[in-house]
Amino acid sequence: MAAVQDGQLNLEVEKDIKTEITNDGSGNINANSSSPGSTSSGGKSKSPAGSGEDQQTLLAVLQFLKRNKLTESVDILRREAGLSADADDSPVSESAGAGSGGVPSVGADGGDANSLLSRVSIATPVAPPATAPPKVVAASGGEDQPDVNVVLSAYSQQGDPVLYPLYYNGLKKFIESVLDCHRAELSQVFYPLFVHMYLELVYNNHENEAKQFFEKFSGDQECYYEEDLRILSSMSKKEHMKGNETMLDFRTSKFVLRISRDSYQVSCLGKPEMSRSLWQLTITYRMLSYQLLKRHLQERQNNQIWNIIQEHLYIDIFDGMPRSKSQIDAMSGSLAGEGKRDANKAKVFYGLLKEPEIEVPLDDEDEEAENEEGKPKKKKPKKDSMGSKSKKQDPNAPQQTRIPLPELKDSDKLDKIMNMKEATKKIRLGPDNLPSICFYSFLNAYQGLTAVDFTDDSSLIAGGFADSTVRVWSVTPKKLRRVKSAADLSNIDKESDDVLERIMDEKTASESKILYGHSGPVYGISFSPDRNYLLSSSEDGTVRLWSLQTFTCLVGYKGHNYPVWDTQFSPYGYYFISGGHDRVARLWATDHYQPLRMFAGHLADITCTLFHPNSNYVATGSADRTIRLWDVLTGNCVRILTGHKGPIHSLAFSPNGKFMASGATDGRVLLWDVGHGLMVGELKGHTDTIYALKFSRDGEILASGSMDNTVKLWDTLKAFDDVELDDFTAATGHIHLPENSQELLLGTYMTKSTPVIHLHFTRRNLLLAAGAYNP
Amino acid sequence: MAEERRPKQCTVVLPTESMKAMAESIGVGQLQEESCAALSEEVSYRIKEIAQDALKFMHHGKRRKLTTSDIDHALKLKNVEPLYGFQSQEFIPFRFASGGGRELHFYEEKEVDLSDIINTPLPRVPLDVSLKAHWLSIEGVQPAIPENPPPAPKEQQKAESTEPLKVVKPGQEEEGSIQKGQGAISAEAKGKKEGLMRMKPRSTHELSVEQQLYYKEITEACVGSCEAKRAEALQSIATDPGLYQMLPRFSTFISEGVRVNVVQNNLALLIYLMRMVKALMDNPTLYLEKYLHELIPAVVTCIVSKQLCLRPDVDNHWALRDFAARLMAQSCKTFSTTTNNIQSRITKTFTKSWLDEKTQWTTRYGCIAGLSELGPDVIKTLILPRLTVEGARIKAVSEGPVVSNIDKIGADHVQSLLLKHCASVIAKTRPLPDNMEQYRADYGYLGPTLCSHVVKARAQAALQAQQVNRTTLTITQPRPTLTVSQSGIGGSGGSRSPSIIKVPSSLTLMSTRPGTPTQPSPPATKYIVMATSAGASSTQQVLDGSLVITLSSSSGSSVTSTVASATSTLQPLVKLESRAASGLGGSRPLQKYIVVSLPTSASSSLESKSGMLPPSSSSTSPISLEAGMKMDHTGCVPNGTLLPI
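Protein chains in written order, with the UniProt record's numbering: chain A, 1 to 775; chain B, 1 to 645.
So here's chain B without its partners, still in its complex pose (with noise of 0.2 Å):
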């Protein structure tokens, strides 16, 4: 019966079990077994040939889909009365039964009320048919306007940052002009190699005037004080499909924002550029790799850093630290090759500075989240080892001599974290039983604890595994949105419970002051850093006991990463830009920095305090990130450093 005729060409039959059903419902009661064969061969038939002619309908009408109105006229074709009716709101309309031994499915055809549908209110007339123009194409030259799709598609963004001399088409635009160093010696490259192709000149980007614009507006919104407005930038953000040409703006927005507002303790800023990081991955458009040098050392110092804001001890960094380790993982999953190395340069860091004994609790904690987010692999073989030695230090500070507070609740909260991580893997991996005792000889203090979230995990997932009838443990990963819960007047920052910062939940910001977002303590200050710099040397300064990581990317060119903060008199935003003459290895390049006010104080000022601080190492090649890492335990740094014009 079943006639297998081209396995890949999927010759299928109704099965015999429809043709008694079908039969049945119009009234035939015994059908033999052989009639129904050979009716369900003949409708089989017959509904392939009504198909293929509903595909050429479906080519004349210039579309993809087939619709039900081809088959309607296919069927109309071989003069078969059409179905009349057939439509429905739900995607597969049909039902399923069983019953008698067999299995049918049916449409389910609801007896409805006529007034009803009278008196539902008329659906809204769908808007008319209209005709816009638009230059698809200039003396040969696509125009970089809205309705044309974005220049470079992502997978060509993607072949161009990974193996940048086999791309560019030809007579098409040179898009990667604007990016810097590495940029342009892959862009020589090409040019060398394509020697004969016909190429436009290659021409400095700037960005257009309404580019610009867009650019000022989405930046002051993804940092200003209205929510609303913010929530709209990072949705265009997230996807608009013209950013590629903006990309390095925001690239360095980002980053330079972030050393700033680190220095300032600036939670709230700090948490604003994460998000709009998010936005940037989740861009469907956008391929970051290129920029990964300026955004991983913005996100991971949001991670570890020593301090992010001005009350440790009231202040839900733990959430942005939470949020950032999400994203680090998530960009690590998605750009981490076997040239680049992310995840493993990644780890290292994480875990050097978590096994030095002086690393402080934030940054512990920092180190921790940003491991354990990067999978149950890494938690197993980085973290679960280090249980005992870590539980021994959290009993150290809960139960020995009261230091301080901010030990305290520092240690509150690794140790919350790694019951929450480490008992869902335990949980996968341990045999039963959960025995108390046994944990503790294992886990040291953490032991008990340990168990019991181990056994609650387990309960969990049994449960889930009843009710699901599959094992979808990994669903309650947490999704990486931000929860951001702030206390304008010291509320409920002191003692935070760790169900906070585990529940997942769609972004909410608690706010004392609904309107404006409250800022941590003191009033805003904030600090954005422009630099366009060509990157010569990479030079790090650790300032304000902040952390600041420079990623060196594998081209050999390097971005100067800076750290400047401004006194606190000096309360507009500050642009700062350097601009560095292109050169290589220890030449240290000329920068001049534009302080620029933003809001409406206009006072715009150059202000250079102190001298920069010696680029702590220049690293050439493309190393480890570690060798560019560097943390500074002792948070003495002199406040206000402005780089020297």
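Bound-form chain A, shown alone (with noise of 0.2 Å):
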């Protein structure tokens, strides 16, 4: 019955592609005139006989699904075989599409690999066991790294490859004639498209017909896929792609395309008028009816296209409005295309802890103050209501020990009520009321300086360099001073009051200290929030821990092999983050040699890392041109922001926990809505890579740092503001950008030739930035 059905409709189908084709041909190029005619004398004749061997394509494909326990696919796959007759327009695949779009495509995925197997008998034994796995796994996004020859053998199809440049054209041409709605949703096709069938060309040793494809057409590609382009153009032989990463990641992800239901099913329609660009990307069964019609066709290029979005794109579908190019634009640029949308549906409780502990003693050492100062002590209940008050439990912060964090110490509550008390004195920042600026400038550093931080009191600032070595300053008149050795501090009166200060060994009182321990630049450094540590990661793939009591290294983590770009201490201390060159994020905590977590899924370099300030998540930026934000507790991947169109160089969350923004080297900042994984906001007017962000204490001003030797000011608030989020927006996650950088800068502030590398807000909002100056 579907057989019957499915060859009639074939030959609907077929008189369409023939009037198709000679129009095309009569545009295009005449070497495909002679194929239409032959094409479908074949597919007439062969028409019953191909229902029939769809039957058993059908059956392959389930004993596929079986061996590989897709148990839910098969059980899909049957019930659409069952309801084949009337299965064309089906209820069922919307929802199936709408649902799990990504488990039919699986099965559909392997549906075609094994009846190319069964039929055209390609020499890949190994082909659809080896490329299932992950594709299979590609959504969880922690697959193991198949290997290279596997992986590489999928390409090994043979498709002639003069046709390739037709190929692209006839799609091309219609991708072009589609409605303008539709156009810009599925030109992002393009790119991948022409990616892997230039890599399917070099795969298979048809150098010129490469070097062809790629001047024809690479002309076409969005402008900030040209660093990926460039790195294509010098790949030209299959030797080249052993162990070529970029190749390796087009290889092992699926590049993710976002369209909506209309655009798709525009292709879907586009199929009886133009069926040769088979835009038929069905998700349930109707592919088995596409299938046997491609078949019937015997369209060589059909095939070559089709494997190729089947074997490496993921089509994302939404429903509503198509998006209009800028929107697009917005949210495309990474390596691997955007994010899925599911990807970024987990819940992020990204509001702030409460700290209860504190409150008490804090209190009570408020109280103690107010003594001294000879106030009364009527105050405390009241003051404790209002704690409580504000203190309330988040309804998006994580429940409290989500993640152990560590127990506070006496020094740490002392910390917090400094803190306290800085913060009533802060400066409440503005449009109006603009934060002041101290630069704090390198000399002499010779190009050498490659990191900064500040801690979090500004009383210490330390730089990492290029030379191997951590320096430290301190920026208060108070010097940095050793503790006493081990044979001096036996001496000590441990009950005097003043122990603390007479561990110190007031000969060893300087300004700065230099610590000695890396073999390579030093490109990440972090305080602890007690400021008794400092971290340093290196080129030589070690994370290093000070103490800044003794200034002596205590622990080198080595995990790690290649170098380390960025390390990051929790709010909370005890934990941090570090990532690098090996694509892996690891959390560490200080007193494990080996790392707790590690965060596998970026495509490239994670080129800087951040902890959120509730300290359950983490934020990792790469040169994927990807943001992922990874939960601390189960390791999982939270969320996948695209949008940059470079490697990301900065991050930064608001004091709220709310809104996270990013730097990258095209020099845009780009602001997000955690809770719903949105971008938010665009913020244009960086020349050059960004290397600083911060949020001011109470996140109304964002100030970012560039190597353009500029600091900018913008207004945040009225960034998030302006954003309105309705449902719909919400849920697809396409949002329109206000184009408003102009009216959100408050000030530029131009450094001579000095680039600012590091930024920080002072407790009282002061700003304090820095960078070395190269004269």
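Worth flagging that the hints you see were computed from the coordinates, not collected in a lab.
Even for Gly, the Cβ is constructed at its ideal location relative to N, Cα and C.
Just so you know, not all the hints are guaranteed correct.
Here are a few chain A residues that face chain B, going by a calculated C-beta distance under 10 Å [as the list claims (entries may be wrong)]:
{"hint": "1", "residue": "Glu227"}
{"hint": "2", "residue": "Glu239"}
{"hint": "3", "residue": "Ser324"}
{"hint": "4", "residue": "Ile403"}
{"hint": "5", "residue": "Leu434"}
{"hint": "6", "residue": "Cys438"}
{"hint": "7", "residue": "Tyr440"}
{"hint": "8", "residue": "Ile461"}
{"hint": "9", "residue": "Ala487"}
{"hint": "10", "residue": "Trp565"}
{"hint": "11", "residue": "Phe720"}
{"hint": "12", "residue": "Gly747"}
Listed below are the simulated DSS-like cross-link pairs for lysine-lysine, each with C-alpha atoms no more than 30 Å apart in a straight line [as the list claims (entries may be wrong)]:
{"hint": "13", "chain 1": "A", "residue 1": "Lys211", "chain 2": "B", "residue 2": "Lys48"}
{"hint": "14", "chain 1": "B", "residue 1": "Lys76", "chain 2": "A", "residue 2": "Lys238"}
{"hint": "15", "chain 1": "B", "residue 1": "Lys65", "chain 2": "A", "residue 2": "Lys684"}
{"hint": "16", "chain 1": "A", "residue 1": "Lys211", "chain 2": "B", "residue 2": "Lys132"}
{"hint": "17", "chain 1": "A", "residue 1": "Lys752", "chain 2": "B", "residue 2": "Lys216"}
{"hint": "18", "chain 1": "A", "residue 1": "Lys558", "chain 2": "B", "residue 2": "Lys78"}
{"hint": "19", "chain 1": "B", "residue 1": "Lys132", "chain 2": "A", "residue 2": "Lys421"}
{"hint": "20", "chain 1": "B", "residue 1": "Lys216", "chain 2": "A", "residue 2": "Lys513"}
Bring the two chains, given one by one in their own frames, into a single complex with the hints.
Pasting the structure below:
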């Protein structure tokens, strides 16, 4: 029944194709003109046989799915096969597509590969089992790197290299001919398709064809892919593909596209009149009929494009209006397409932790202080009630004990109290009340300054240098002193009140200390919140923990085998995160020499790392032009944020934990709503890499520092206000970004040939900036 | 083999010859062409890969320059042993060799004697890293301190003066407030245009105490007696990025200084002032457009003034004229636009006074020098046709009845100047052969000498062409550095060979008494006049045989130019302040002159000796220069004029 139906359908379709091809051929290339006749005749004669064959294929697919334990897909497939008589525009397909887009596509992939295997007998016996695993796990993001050879072998399909440009052109023509509203969405396919076709050509040793193909179509690609294209262009031999990271990224991960259901159906509807390009990316059973059709057509071209789409693309379908070009451009640009929408569906507890343990001693301390000042003690109950009210549990906050946090020490409490006191003297910032900026220039650094950090109370500043040293300066009159040696310490009266003072060796007092230990440039540096430790990460693959009491190295954390680009302490101390060239971010605890969590999923170097203010999440920015947010508790990736067009070099969370800012080599700052996983703003103005971002203590102002020797201040309150979030945008994540960078820019401050590489707001909202003067 | 993927992305592949050479260097003799091609492609690919990795290290090193260590780290990343000890003193350490039909670049590795290295003294330890804090911004306003960049970059200054309506960033401090008239008008226009823009209230810019001190030090050093200090001061003017705010003061200082010292025939001071102009023009952070109305008249005065020194027969005022002419040419090149038309106005001015029969030899020399510095085209169209006439004039002086010695020297100088400039142009344009008679027919009296000069110039050009293998005749154009050769006790002043003028060299001050630079005859009488006037009508005074030119600026406002001179009994430096009520057109501004003494004599006096000459022409429209230029041939203007208070 199904077969008959299919056959009829195919005949209809074929007619359309015939006309279509001749139309195309006239305008296109006459090499094509011979094919339609032969195809159509062949198709007609084969159609009954084809339907039978289809049945076989179906069985083969089912077998394959069973073998791979994809029971769900098997069920769906079975159901679909049974209903296939009227499965053409089935509501099932829609629901399946909307609900669990991933799974059926997997089934389809497998089916495709298998059918190819049985029919065309391509010489890749390894292909189906080898390609399947990455596909299946692609969504989870944390798969093992498959063996290179196996991965590459997926390319070994024999298509006529001469036809590739034709296929591509045909597709291009089709997409150019569709309605405007769909064109932007569909044109997203160009880039991944281009890349994969090129790689296929290269892999199959069609060097010259690959070259021509690249020349012909590389100009069409979006400008923000230029860097990848450059890498691609240098790759012209099969041997080059082995070990090339970018290539591996393209192979192992699926390029994610988001296409609205509308556009999607256009492409489906496009089938009758435009079936050459075969845009019927039906995800459910419809595919099988499509396969049948394909086989009848015997048109290699379709196989090629189709295979690529099947194997290397993940098409994320959503309901609603197609997006505009600008909306797409805002989100695209990353190495592997946009983040899947389901990837950003997990709930993120972005609220801040309340700090009950501190409150009581804090109030006590406050009272004590007040008593000293001779104030009445009456206020205490009032204060308590005030405090508890304001500290009401944030509904968005994670549970207090979601991850174990270190106990507060007395010194920490004292520090908190200091913090509170300072905070009362904080200046309220706003567009009319801009912060003062104090700039710390590193002189005579000879281009060697690679990282800077300030302590939270702004008393110390540390610099990492290309000559492997770490230097710590005191920016207060209080000099840096070492603790006395063990022998001397034993002589100290431990009962005395000023024991903390006594253990310090006065002779070692100096304004700066140098820490030696690394054997490569120090790229990341971070103070612990209690100012007792300093972390540094280096090109030598280690992260080192230094004591700021003895100014010695305490631990060298080994785990990264490659340069570690960044490291960052948790705001509560104890934990820290590091990320580097090996594309894995590691979460460590200071007292474990092995990492507690490994966050894998980025497709290129992790360039910057940052803890969420509540310490439950970790954000990593990468050279694959995405930002990922990881759950410290589960180790899952809970957000994939795409939109940057260059490697991300700086991240900042707003103090309330709700928003995030990121800066990249493209000179743009993007603002994100962490809770919704949405891009909410774009700040244009810098002309070079942004190395430093920081929110003011109350979050009203974002400061950004860049290689272009400027510090810029942005009005973030307005930026977040301007974005209206209705349900639709919240659901789809397709937002219209207001073009208001100029209005949001509050000030630009040029430095004298000093790139700004770190920014820090003091507790009183004074902005500190740092960089090395490069005369 | 060559894989041109993307023309704009420049995909280059190493030549196969390199592969062969490399193979030979490690002892592989016969490498097949195919293997070479395969190898070169592979090697090129790997090199690109490494370069891309090295870029990562550059980015993380927060640098813009790729260093060799980045490459080393990238190699390490690929588990390749890094290159050890690759360092070179030279920028491009490669040598070139050819032979056996092949061309080859190689890295010259000399044998190094270890004892040499051991015995060489250690280099100085580089300065240690240090930390310095400064205010980048105070509550949103960037303070003008040396640690911060100058408030207005050159591009902005340029944009401001050329397109005043377009610029001004919101939130940035309004820069133009110190300037006079023109600036105020344009600023108002800006204010109107940007109506709703958030702008800081305009404040009259007063120089900070430090800036005042700096200004005082610099100006004193520039016109003072210590040459070392002057060099330092000029260096500072030429390089300091923060002078923007002082620019109006400097330009007034220069223009008034020239005015006074021309009257006083104080050659040395004129030279110093011209060097200041040069330094200002050399400063890469300054854009002088807005101040040309003061600077150009001063410079032109130094070119064409009838008398620049007390003893024209002895002092080398010719060098000053040459120097100023070069400055003029330079500013024409830099600032001439279709709207201000500086070059054509200047050209007209020079031509007009040159054509005048009564023009003195000194002015004539200046005009010719000014014209010829403007380039070969100007020489060709304006000077060459007049060679015959000029030759006749020179002949009249040199062969005719003995007139004054001064005239004779002047004629000599004009002759050598003409020969120098015309010869090179003729050598380029006139076809061979160089026939003496033909030249005489074409150029009159100067023909034969010109002919020999041309022959010389051709020979030199040919020689250079041989040496350099390309025509670099333009190099002979002397750089605008001033050669001052002075003689305190009437030394070589009289017969100055043109070669001294010609030689482009760094500054050489030939002084018979080292330590204190010699002043032309009378003991130093320095008159520095400072005028701050909001300029209403332009007034010119021509005093004491000097030539003063006022270039009215195009915005309708103009600047009062005054010439004042005091009696020679009044030794101290004269500070002259003129404050004018802002008005337009004919209303004469009230002016006040304060004469202040700078040296130790400390007698501050206020003197007004004679009335001001009536304004000769109040040029209110942006008309051409010659309207505002007046030359005095009589030279009988009362000495010591000061303007009424």
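Now the hints, each set against the structure:
1. Glu227: Since chain B brings a Cβ to about 9 Å from Glu227(A), closer than 10 Å, the hint holds.
2. Glu239: Since chain B brings a Cβ to about 7 Å from Glu239(A), closer than 10 Å, the hint holds.
3. Ser324: Cβ of Ser324(A) sits 28 Å from chain B, so the hint is violated.
4. Ile403: Since chain B brings no Cβ nearer than about 29 Å to Ile403(A), farther than 10 Å, the hint is violated.
5. Leu434: holds, 3 Å
6. Cys438: holds, 6 Å
7. Tyr440: holds, 5 Å
8. Ile461: holds, 7 Å
9. Ala487: Violated: closest Cβ of chain B sits about 31 Å from Ala487(A), beyond 10 Å.
10. Trp565: With Cβ-Cβ at 6 Å, under 10 Å, it holds.
11. Phe720: Result: violated, 21 Å to nearest chain B Cβ.
12. Gly747: holds, 6 Å
13. Lys211(A) with Lys48(B): Distance ~17 Å between Lys211(A) and Lys48(B) Cα, so the pair holds.
14. Lys76(B) with Lys238(A): holds, 24 Å
15. Lys65(B) with Lys684(A): holds, 24 Å
16. Lys211(A) with Lys132(B): violated, 54 Å
17. Lys752(A) with Lys216(B): holds, 26 Å
18. Lys558(A) with Lys78(B): Given that 30 Å is the threshold and the Cα spacing comes to 19 Å, the pair holds.
19. Lys132(B) with Lys421(A): Holds, because 28 Å separates the two Cα atoms, which is no more than 30 Å.
20. Lys216(B) with Lys513(A): violated, 43 Å
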